[in-house]
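A.B. asks: Mind docking chain B on chain A? Use the hints.
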Amino acid sequence: KAGVTQTPRYLIKTRGQQVTLSCSPISGHRSVSWYQQTPGQGLQFLFEYFSETQRNKGNFPGRFSGRQFSNSRSEMNVSTLELGDSALYLCAIPIMGRGGPGANVLTFGAGSRLTVL
Amino acid sequence: DQQVKQNSPSLSVQEGRISILNCDYTNSMFDYFLWYKKYPAEGPTFLISISSIKDKNEDGRFTVFLNKSAKHLSLHIVPSQPGDSAVYFCAAKPSGNTPLVFGKGTRLSVIA
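First to last, the sequence lines map onto chains A and B. Read left to right, the first sequence gives residues 685 to 801 (my numbering). Read left to right, the second sequence gives residues 62 to 173 (my numbering).
Bound conformation, chain A alone:
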């Protein structure tokens, strides 16, 4: 998806393992958000990083963590994987000039689909 590249696109892990997902926004974007999408819960906010600092955090256990680097790239990590962590993990950056001032329109990457067996 234009604007945000996520890797890997698909991966399979087993319970108890850990996983690291990567998000590369186009240069110049200081804000990166992560969402989890599952069929039963829709999109749920994980966290947002702004200039390498976590600005917001969703209601997820401490097994979910993230960070942002000086080049705006972001990673999220899930430790001690559980079956319920199987989901599409989406990274997003704000788009300026769309939807009206203050709308905070996000553009999303294609996501990383994680399957936990």
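Everything labelled a hint here was simulated from the structure, so no lab data went into it. Quick reminder that beta carbons are idealized off the backbone N, C-alpha and C, glycines included. Where hints are given, some of them may not hold.
Listed next, the stretches of chain A that the computed footprint assigns to chain B, with coverage defined by at least 3 CB atoms under 8 Å from CB atoms of chain B [as the list claims (entries may be wrong)]:
#1 694-707
#2 755-767
#3 778-788
#4 793-800
C.D. replies: Below, chain B alone, put in the same frame as chain A:
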């Protein structure tokens, strides 16, 4: 506590007819409401938004209506096309530097 609710998991509409997707919210402090469309194997794509001070916004075949007293918004697609078949997410933006809150989505199927 779900602040944005899409109570219909799926909707099926014939090509050329109107599709109406509904969304309810509980928080009166939302500044904006947005609709996203998602195809399989892709991330959600922004479709249309509406400010909380408006009651209607239109963009081509897509119109969003906001009823603040009922805390309800709806997305109308006229005429519906097979390419509109996707999952539609309603989202709300609280004031300040707070993240978007999404509903669970409604899967729209437009039948030719």
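A.B. asks: Work down the list of hints and note, for each, if the structure agrees.
C.D. replies: Now the hints, each set against the structure:
Remark: the stretch 694-707 of chain A is not confirmed as covered by chain B, as 0 of its residues place a Cβ nearer than 8 Å to a Cβ of that chain, below the required three. Taking a C-beta to C-beta cut-off of 8 Å, the stretch 755-767 of chain A contributes 0 residues in contact with chain B, too few for the three needed, and the coverage statement is violated. Evaluation of the coverage hint for the stretch 778-788 of chain A: fulfilled, as 7 residues show C-beta separations to chain B shorter than 8 Å, against a requirement of three. Requiring three or more residues with a Cβ within less than 8 Å of a Cβ of chain B, the coverage given for the stretch 793-800 of chain A holds, as 3 such residues are present.
Comparing the model with each numbered hint stated earlier shows that hints 1, 2 do not hold.
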